[in-house]
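Colleague: Protein chains in written order, with this note's numbering: chain A, 1 to 125; chain B, 1 to 865.
Calculated directly from the structure, the hints in this document are not laboratory data.
Incorrect hints may have been included.
In silico lysine-lysine, DSBU-like type, Cα no more than 35 Å apart, as pairs [unchecked claim]:
no.	chain 1	residue 1	chain 2	residue 2
1	B	K662	B	K802
2	B	K789	B	K49
3	B	K581	A	K58
4	B	K400	B	K49
5	A	K41	A	K107
6	A	K91	B	K49
7	B	K581	A	K17
8	A	K75	B	K59
9	B	K59	A	K70
10	B	K38	B	K678
11	B	K49	B	K581
12	B	K49	A	K107
13	A	K20	B	K59
14	A	K17	B	K49
15	A	K107	B	K802
16	A	K58	B	K59
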Amino acid sequence: MSKLRIMVLDDEPIVCKRLKPALEKQGYEVDTFTQSSDAMKQIEQVDYDLIITDLKMKGVDGMQLLTAAKQRSPKTEVIVITGFATMETAKESFHKGVFDFIAKPFKLSEIQEVVTRAEAKIRGE
Amino acid sequence: MWSRIKESIKRLISGKREKIPFHNVFEQFQTLLQYHQKTMELIADVGEKSGGDYIFDRKYLVDSTAELQDLLLRMVKGLNAISSDRYYELYSTLDRVFYPIEAELRGRLALSDAPYVISLTEIPPDTPELTGGKANALGEIMHRLGIPAPSGFVITNTAYHRFIEYNELEERIHSWLELWISGKESLEKAAGQIRYSILAGIIPQDVTRQIKAQSKNEDVYWAIRSSAYGEDGDVSFAGLHESILNVQTGQVLDAYKRVLASLYSPEALTYRRQMGMIGEEAAMAVLCQEMIDSQASGVVQTLSLETEQPDCLAIYAAFGLGRTVVEGRDSLDNYLVRRTSPHEIISKRIAKKESFIRAVSRGGEEELPLPEERQIQASVSDATVESLAKWAMTLERYFKRPQEIEWALDSKGGIWILQCRRLALSGAVISTDEDICERCSIYPILIKDEGVVAHAGVGSGLVYTVHHNDEMTGFPDGAVLVTKYSAPWLAQIVPNASAIIAERGSAAGHLATIVREFRVPALLGVDRATDILRDGMEITLDTHHRTVYSGKVDELINFERVQSMVFEESPEFRLLRRLLKRIAPLHLIDPYDPQFTPEHCLSVHDMIRFIHEKAVQELIDIPNSMQRFKGAKVWTLVSDVPLDLRILDLGGGIEPNVEGNKIHIESVNSLPLRALWKGVSYPDTWSTEPVSVDFKGFMSSLTKNWDAAGGGVATAGFNLVVINEFYMNLHLRLGYHFNLIDATMYEEAQRNHIYFRFAGGVTDLTRRSRRAQVLAQILSNYHFNVVIKGDLVVARLVDLPKDEIESRLQILGALIGFSRQLDIQLRSDQDVNQFVQQFLDRYTNLTRSLPGGGENEQVKNYGFG
Chain A
1 MSKLRIMVLD DEPIVCKRLK PALEKQGYEV DTFTQSSDAM KQIEQVDYDL
51 IITDLKMKGV DGMQLLTAAK QRSPKTEVIV ITGFATMETA KESFHKGVFD
101 FIAKPFKLSE IQEVVTRAEA KIRGE
Chain B
1 MWSRIKESIK RLISGKREKI PFHNVFEQFQ TLLQYHQKTM ELIADVGEKS
51 GGDYIFDRKY LVDSTAELQD LLLRMVKGLN AISSDRYYEL YSTLDRVFYP
101 IEAELRGRLA LSDAPYVISL TEIPPDTPEL TGGKANALGE IMHRLGIPAP
151 SGFVITNTAY HRFIEYNELE ERIHSWLELW ISGKESLEKA AGQIRYSILA
201 GIIPQDVTRQ IKAQSKNEDV YWAIRSSAYG EDGDVSFAGL HESILNVQTG
251 QVLDAYKRVL ASLYSPEALT YRRQMGMIGE EAAMAVLCQE MIDSQASGVV
301 QTLSLETEQP DCLAIYAAFG LGRTVVEGRD SLDNYLVRRT SPHEIISKRI
351 AKKESFIRAV SRGGEEELPL PEERQIQASV SDATVESLAK WAMTLERYFK
401 RPQEIEWALD SKGGIWILQC RRLALSGAVI STDEDICERC SIYPILIKDE
451 GVVAHAGVGS GLVYTVHHND EMTGFPDGAV LVTKYSAPWL AQIVPNASAI
501 IAERGSAAGH LATIVREFRV PALLGVDRAT DILRDGMEIT LDTHHRTVYS
551 GKVDELINFE RVQSMVFEES PEFRLLRRLL KRIAPLHLID PYDPQFTPEH
601 CLSVHDMIRF IHEKAVQELI DIPNSMQRFK GAKVWTLVSD VPLDLRILDL
651 GGGIEPNVEG NKIHIESVNS LPLRALWKGV SYPDTWSTEP VSVDFKGFMS
701 SLTKNWDAAG GGVATAGFNL VVINEFYMNL HLRLGYHFNL IDATMYEEAQ
751 RNHIYFRFAG GVTDLTRRSR RAQVLAQILS NYHFNVVIKG DLVVARLVDL
801 PKDEIESRLQ ILGALIGFSR QLDIQLRSDQ DVNQFVQQFL DRYTNLTRSL
851 PGGGENEQVK NYGFG
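The following block holds chain A by itself, in its conformation from the complex:
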């Protein structure tokens, strides 16, 4: 079984730096981006199985990226990570097509659990 390809996008480098090794240890292939424009270019090249993205970012925001990614590859699952305060608005404003929402700050085990569930869905288990 091939490894799941995951993209992580958050404009705060610490989020990417910490998620990458944690997810790699779980057996996934992980690319991280702190610039949403770079991530946008990347999804034109690569079909990711899973995208983990922040919402509010300079330039292209998480919403735009999500739309673009889904258009190109409808099978791609998306997990949105956003600040606790903006959580409810985020959920209300779009739940369509999002696999799950996680409020920052979150525990590594929380996101690992959500990713495991997403993987099960992707692999059609």
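Starting from the structure of chain A, add chain B where the hints point.
Modeller: Then chain B, alone, in the frame of chain A:
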């Protein structure tokens, strides 16, 4: 207008304050209690984030501190509302405490306000932006790990910026760099011009003054070393910048400029360009250390790079100053030593050393031939090799990566750490191609998905279980500490552990704070850990997946080693720790200390503590509020125990529909008071051996014998407890002792605390100090965190589950009776242990209800110091 002024003056002279109606005080106090709870939860929450188990961002830090500030402002307002603005200065305290917190969050904490020069004894932690990587690491080595490093000072980045600005060099440096990058000038020419400009620059008077203040002694020689930000961290500038050894005090300023200039050496510029850092503003702090008159010196590499022995570290040594070793010019003594304690020497190669370097008395150094007979002698003893290995592994555990450590042995045999940096590993040493997930799966899993992460990381070693505090002396360096309890006395072995697994404890508790300080991976609240993990088993803890593997999972350890980032060293975690340092520590321990004032509030926690204490005092301030109590219901507790106890219920603490003003304990709903009272009224508590007294008579004489000058509740001739269903604040005066207990008892462990304070007495201070020893030993036995000062005992406990708070309150209840005439009976120091034992024996039934608490033999060898 005039009448109002007259009124104010009259009030000032008479010292009278406006009476606030009791129900107002009462409501405000309730609200204050809620804010108190919220702030403490918030602080615990932020503290928990520093353990690495959470992913947080800057916004979280900004939001949390803003919320904290808002709550504090409300608390300050609340306290002033019930005290007729007696604590008005707390508003400025609030500004003073939060100003640096806001500055930290704005980034680069007022780097422009920072001092030009900082003594190594006062170096602030987590500030490599100011003091550079090398000096920052040395500060942690000296102050946190307690490993000796030479004294000295740092000339900060702020001084660098001041120097550049004063000599108008910024533009000049920039244009030479441009010329080089665009290919219009050679590297050598550009580098040479910039360095020349720096060497020709004038160090401004204000910087010079501060440097001279730190280097007054003419007899001292200095090692002047670069300490650039980023150096020794992710990016290694090892050897690129200049270090100048054996500098006379009078030459420090010149040497400083030479080290600054080395920031623009051709090698340094080439390296920065390769790393894509040439566009960033460079800056350099400079470390000035007193020279060690070294008979030998050398380097430790915590992984042996030359051999294929992953369980060994390498030590290189030579006679004299360290230059031969660092520059690798000469043949060196070479030791291969086991990384694990007791650090067995695996191989020893004593090289023929023909020369050595020594300091010259007028500064500088010289190379001299070694006498024939010394050439084949070992430059250090085996004992020195073992000590070096032990410290080196402590440093690797703390900095989370293999280290390269420069050391010196002085003429008296003392070992000093000169500097320490991340060891550059080549791919040959660690292979990262393998699939980490697959490789780990071959190891048997002992524990999975259990417990909470107090500090994140991977740690491996042999299991060593500690049940009692006298087992701690045998704890081997680098072992995995396994324990039932997260008792405060475990603190002393935390720095030696490679990982910690405890059955009890929370991520917000005392042990968690300590493991974070020493960066030890720790999993707490793991059921049956002491059953599953047996002494001598080799295990590996990986907190990221909350997994304990059987065996040493090298693949996992190597995976961690090659990650570019050590989370503890990331700017975000440093910022969080700097913030926490201004938020979480509690300095105001004793409310009766003259320094218990707003002026001495140094942290947010201090302010919270101060406000809580003063609010309670306002509430029960009898001399000022006897009238107030007319508006409030004060109950009298009817009991066989001759403690005249009055109860002030804030709500929910007393059974509704009770008539009159006298109640029995059965009608009290306050959980902490009920628990305490169970201990107070325990059958043996009020009968005493060996002093036999007419008990009731004795007690009543004591309880009536008030010290009129004592103030507070005491002067009113009764004891007072303020309660609600989950809270209790008890002020007790028994004879001449004064006892305060403040406790909460909720379902959620993280909301619970007990604060215990005991002082005073009729006998001389020696006996009262013995009594303090007895209380401290008993309380430590039940895992209280205890501080004693003379006859004063302050004990604290947080984050325990409800049932454990209950047992401990029962013990405190029993202790109230036990302690009341203790000082009279403590005739010699030998009596101390005997009375501790007597208490523990007498209350074994109470203590048995505590897991691990009935094992009283642990007290026998308990040294209190």
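Colleague: Take the hints in turn and mark each one as holding or not.
Modeller: Hints and how they fare:
no., hint, in the structure
1, K662/B <-> K802/B, "28 Å, holds"
2, K789/B <-> K49/B, "33 Å, holds"
3, K581/B <-> K58/A, "32 Å, holds"
4, K400/B <-> K49/B, "19 Å, holds"
5, K41/A <-> K107/A, "30 Å, holds"
6, K91/A <-> K49/B, "25 Å, holds"
7, K581/B <-> K17/A, "24 Å, holds"
8, K75/A <-> K59/B, "32 Å, holds"
9, K59/B <-> K70/A, "28 Å, holds"
10, K38/B <-> K678/B, "30 Å, holds"
11, K49/B <-> K581/B, "14 Å, holds"
12, K49/B <-> K107/A, "9 Å, holds"
13, K20/A <-> K59/B, "20 Å, holds"
14, K17/A <-> K49/B, "16 Å, holds"
15, K107/A <-> K802/B, "26 Å, holds"
16, K58/A <-> K59/B, "15 Å, holds"
Consistency with the previously given hints is maintained throughout, with no hint failing.
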